[in-house]
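K.L.:
Okay, here's what each chain looks like letter by letter:
Number of protein chains: 2
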Amino acid sequence: MAILKGACVIAQSGGPTAVINASFYGAAKAALAAPEITRVLGAAHGIKGVLNDVLYDVGQEDPAELEKLPYTPSSELGSCRYKLADPEKDDRDYKRILEIFKKYDVRYFFYNGGNDSMDTCDKISRFMARSGWECRVMGIPKTIDNDLVGTDHCPGFASAAKYIATSCMEVSKDARVYDTGAVTVVEIMGRHAGWLAASAALATHFGAGPDLVYLPETDFDMEDFMARVKTLYEKQGSAFVAVSEGIHYADGRFVSEAETSATDGFGHAQLGGLAVRLAEAVKARLGVKVRGIELSLLQRCGAHLASKTDMDEAMMAGRVAVERAVAGETGYMVAFDCSREGGVYTCVPKLIPLTSVANAEKKIPLEWIGEDKCSVKQPFIDYLLPLIQGEPARPLENGLPRFARLKKVRAEA
Amino acid sequence: MAILKGACVIAQSGGPTAVINASFYGAAKAALAAPEITRVLGAAHGIKGVLNDVLYDVGQEDPAELEKLPYTPSSELGSCRYKLADPEKDDRDYKRILEIFKKYDVRYFFYNGGNDSMDTCDKISRFMARSGWECRVMGIPKTIDNDLVGTDHCPGFASAAKYIATSCMEVSKDARVYDTGAVTVVEIMGRHAGWLAASAALATHFGAGPDLVYLPETDFDMEDFMARVKTLYEKQGSAFVAVSEGIHYADGRFVSEAETSATDGFGHAQLGGLAVRLAEAVKARLGVKVRGIELSLLQRCGAHLASKTDMDEAMMAGRVAVERAVAGETGYMVAFDCSREGGVYTCVPKLIPLTSVANAEKKIPLEWIGEDKCSVKQPFIDYLLPLIQGEPARPLENGLPRFARLKKVRAEA
Numbered sequence: 289m290a291i292l293k294g295a296c297v298i299a300q301s302g303g304p305t306a307v308i309n310a311s312f313y314g315a316a317k318a319a320l321a322a323p324e325i326t327r328v329l330g331a332a333h334g335i336k337g338v339l340n341d342v343l344y345d346v347g348q349e350d351p352a353e354l355e356k357l358p359y360t361p362s363s364e365l366g367s368c369r370y371k372l373a374d375p376e377k378d379d380r381d382y383k384r385i386l387e388i389f390k391k392y393d394v395r396y397f398f399y400n401g402g403n404d405s406m407d408t409c410d411k412i413s414r415f416m417a418r419s420g421w422e423c424r425v426m427g428i429p430k431t432i433d434n435d436l437v438g439t440d441h442c443p444g445f446a447s448a449a450k451y452i453a454t455s456c457m458e459v460s461k462d463a464r465v466y467d468t469g470a471v472t473v474v475e476i477m478g479r480h481a482g483w484l485a486a487s488a489a490l491a492t493h494f495g496a497g498p499d500l501v502y503l504p505e506t507d508f509d510m511e512d513f514m515a516r517v518k519t520l521y522e523k524q525g526s527a528f529v530a531v532s533e534g535i536h537y538a539d540g541r542f543v544s545e546a547e548t549s550a551t552d553g554f555g556h557a558q559l560g561g562l563a564v565r566l567a568e569a570v571k572a573r574l575g576v577k578v579r580g581i582e583l584s585l586l587q588r589c590g591a592h593l594a595s596k597t598d599m600d601e602a603m604m605a606g607r608v609a610v611e612r613a614v615a616g617e618t619g620y621m622v623a624f625d626c627s628r629e630g631g632v633y634t635c636v637p638k639l640i641p642l643t644s645v646a647n648a649e650k651k652i653p654l655e656w657i658g659e660d661k662c663s664v665k666q667p668f669i670d671y672l673l674p675l676i677q678g679e680p681a682r683p684l685e686n687g688l689p690r691f692a693r694l695k696k697v698r699a700e701a
Numbered sequence: 289m290a291i292l293k294g295a296c297v298i299a300q301s302g303g304p305t306a307v308i309n310a311s312f313y314g315a316a317k318a319a320l321a322a323p324e325i326t327r328v329l330g331a332a333h334g335i336k337g338v339l340n341d342v343l344y345d346v347g348q349e350d351p352a353e354l355e356k357l358p359y360t361p362s363s364e365l366g367s368c369r370y371k372l373a374d375p376e377k378d379d380r381d382y383k384r385i386l387e388i389f390k391k392y393d394v395r396y397f398f399y400n401g402g403n404d405s406m407d408t409c410d411k412i413s414r415f416m417a418r419s420g421w422e423c424r425v426m427g428i429p430k431t432i433d434n435d436l437v438g439t440d441h442c443p444g445f446a447s448a449a450k451y452i453a454t455s456c457m458e459v460s461k462d463a464r465v466y467d468t469g470a471v472t473v474v475e476i477m478g479r480h481a482g483w484l485a486a487s488a489a490l491a492t493h494f495g496a497g498p499d500l501v502y503l504p505e506t507d508f509d510m511e512d513f514m515a516r517v518k519t520l521y522e523k524q525g526s527a528f529v530a531v532s533e534g535i536h537y538a539d540g541r542f543v544s545e546a547e548t549s550a551t552d553g554f555g556h557a558q559l560g561g562l563a564v565r566l567a568e569a570v571k572a573r574l575g576v577k578v579r580g581i582e583l584s585l586l587q588r589c590g591a592h593l594a595s596k597t598d599m600d601e602a603m604m605a606g607r608v609a610v611e612r613a614v615a616g617e618t619g620y621m622v623a624f625d626c627s628r629e630g631g632v633y634t635c636v637p638k639l640i641p642l643t644s645v646a647n648a649e650k651k652i653p654l655e656w657i658g659e660d661k662c663s664v665k666q667p668f669i670d671y672l673l674p675l676i677q678g679e680p681a682r683p684l685e686n687g688l689p690r691f692a693r694l695k696k697v698r699a700e701a
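Sequence lines, in order, name chains A and B.
In terms of this note's numbering, the first sequence opens at residue 289 and continues consecutively.
In terms of this note's numbering, the second sequence opens at residue 289 and continues consecutively.
So that you can see chain A by itself, here it is in the shape it has in the complex (with noise of 0.2 Å):
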């Protein structure tokens, strides 16, 4: 494969994640580092910093300022939610990126997402190689909700899976100290896919946990959920759940949308999330003292309880990228193959086609979640426990977290 010198562009996409700027710092770095990339440029805000022709120069950051970018919340570049239209029936932003590429020579794009934005990466991939204006394109995996196909996990899920189990063992101490009952909701994220809120079934597994944890990979049932809690209040004088925000019935309907009720006693549906929406719908029915707890985004920010395996990981995914393009690869996305065999957790890289992953969804296998619908099984326990993992030595300063603090150069043509 001929060498390809020029620019690259690292751009952040969808929602943020505890480690995605770990997989930046990967990337700049190894881009850095790379003679065959002339200029590492970082776009504002995804591919709409590609098109608004705001880039900033990561060359002109203070290499220790950069250092801490993997302890560092959020996306550092910015995000954006854009979608690209269909290149057949509206071809104007893809033009307008050639354009923008062609302005900064840039010959590397590695843009960092989930599946939406692998669509976006695939869909550029395309075009360059149309135009036929050389470009390697390679995706770099990123969702704290873990749905991303042909991959073991994705980057940013396992450090908001850390953070709900131990929360959510903090919250079971906490919402059992009264003698005087109580039932708690905690509403976690996972529109479609129930990875996240399985989490919460770990800290059951270590002793400090849910007592019922409902998944959208199956139909929820209002009275049997409403059976359940009350034979536990009625054992244990408390009860704790953990949901999904994508719990739905067996006719679709999100349990969070569905229509007021005498039946669910719900009602006022265009205010309070999930949690809060249950807790009531509980009290309604069984009179007893509730609290609905929504962790937000405090689950996909929470960097302070990163897994180190995660870091590490998302560290490498933006390497890998990096370093594969150099080596002649594109249109792919970097992967996990993983083996968990006799208890030993080991993760190679690896690379798969960008068509492959865009706009697919992976769910939890339903051989994973128990037969009472409201419990996890082993397989799943085994399958996330290496990967949250290690506690990352981030950068303090004055007993609060010291994020890094980059100067945004805009970048010249």
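Because the hints were derived from the structure by calculation, they are not lab data.
Among the clues, some could well be false.
Because identical chains cannot be distinguished in the list, a pair is counted as satisfied if it fits within a single copy or across any two copies.
Claimed, not checked - Distance condition first, Cα-Cα at most 16 Å in a straight line; then the derived EDC-like pairs of lysine to aspartate or glutamate:
(1) Lys-577 / Asp-404
(2) Lys-651 / Asp-507
(3) Lys-371 / Glu-387
(4) Lys-371 / Asp-467
(5) Lys-336 / Asp-467
(6) Lys-650 / Glu-353
(7) Lys-661 / Glu-685
(8) Lys-661 / Asp-509
(9) Lys-596 / Glu-685
(10) Lys-317 / Asp-350
(11) Lys-571 / Asp-404
(12) Lys-336 / Glu-387
(13) Lys-293 / Glu-422
(14) Lys-650 / Glu-545
(15) Lys-523 / Glu-649
(16) Lys-650 / Glu-685
(17) Lys-577 / Glu-522
Please arrange chain B on chain A, whose structure you already have, making use of the hints.
P.N.:
Coordinates of chain B only, in the frame set by chain A:
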């Protein structure tokens, strides 16, 4: 002072904190080592454990498990919110307590709680004195609200403050990640005193935190709030607001309980916390994307972000209570005398009469709050900063917290 030999009872009361078990540990360790104390008993669910004759023999616990108590959130013995009657009007509870104290030869009573608990402690102390049963009674302070008078600060507050400041730093990063704007409202505990909500300003002080911080010490003005959010949003494309759950209008109505009004856009008074409702009001008024986040129980049980300073002081408070009681004192609460002169923080324990603490409430000095009523001044930062320093070496197992596992063996008389 004569040597007093007998058993001691340690009990935990009120809302739990991240370090209330550190005080339990400090007291238990000192009591187990004191030759005057013949047996260390832990009451199940505060004073209710005494009334119900449910006492655990702490001496039968594995010392290695007791050592994990400081890192275990919530009240390991269980808590209660039971208020003793005025003994002048109804002394049945007091007679029952005396009966149990005699049954187990209890000569020392240590109650770990907030101002309500200090009132309980004070009443028991006086009743025992009147009854002629020699029993030394000491209060050990505890409250995330930091509202006890007569002490520089309360154990439990700083760990919650550290959790809040750290989480606000992380959320601040996440809440500003998109190119499309958003207004984020975080709700923090503290019904009457704003110490915890003000802690969010520490995040801002260190570069990533809320733009506006509203405390219950001042009156909330919805129009002023909306104007400030609008200005921020127009200037920087985002606004991040921290509010105390106890913010109220000038007429005293809590904003969280205010009636539906076309002016503030509120409705559905039964559902959703203040954060969600304020966020919805902003959405209704300004038509922007919003998110409400309630830190809920997470902020008071977040032991993984406990302050080592707080943990050490919580342990010290428990130890000092025992040591001074054994030395002959009774009817006091352990308090802290602190100095921050020349940037050097020192904390010295002292004893203050229970009567001086019971049912009083300490708020943030108004001169520490900005004239804009939505910021704090440097003296508050200087006050708080030393309290949140240090990271405890918390025990981990499988990448998750390893909490204490007590056997809780019922004591026999």
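K.L.:
Now tell me, hint by hint, if it's right for this structure.
P.N.:
Hint check results:
| no. | hint | in the structure |
| --- | --- | --- |
| 1 | Lys-577 / Asp-404 | neither (41 Å within a copy, 21 Å between copies) |
| 2 | Lys-651 / Asp-507 | within (14 Å within a copy, 49 Å between copies) |
| 3 | Lys-371 / Glu-387 | neither (19 Å within a copy, 73 Å between copies) |
| 4 | Lys-371 / Asp-467 | between (52 Å within a copy, 14 Å between copies) |
| 5 | Lys-336 / Asp-467 | between (54 Å within a copy, 8 Å between copies) |
| 6 | Lys-650 / Glu-353 | neither (35 Å within a copy, 41 Å between copies) |
| 7 | Lys-661 / Glu-685 | neither (45 Å within a copy, 28 Å between copies) |
| 8 | Lys-661 / Asp-509 | within (9 Å within a copy, 47 Å between copies) |
| 9 | Lys-596 / Glu-685 | between (20 Å within a copy, 15 Å between copies) |
| 10 | Lys-317 / Asp-350 | within (12 Å within a copy, 49 Å between copies) |
| 11 | Lys-571 / Asp-404 | neither (39 Å within a copy, 27 Å between copies) |
| 12 | Lys-336 / Glu-387 | within (14 Å within a copy, 74 Å between copies) |
| 13 | Lys-293 / Glu-422 | within (10 Å within a copy, 87 Å between copies) |
| 14 | Lys-650 / Glu-545 | neither (23 Å within a copy, 43 Å between copies) |
| 15 | Lys-523 / Glu-649 | neither (39 Å within a copy, 38 Å between copies) |
| 16 | Lys-650 / Glu-685 | neither (39 Å within a copy, 29 Å between copies) |
| 17 | Lys-577 / Glu-522 | within (13 Å within a copy, 42 Å between copies) |
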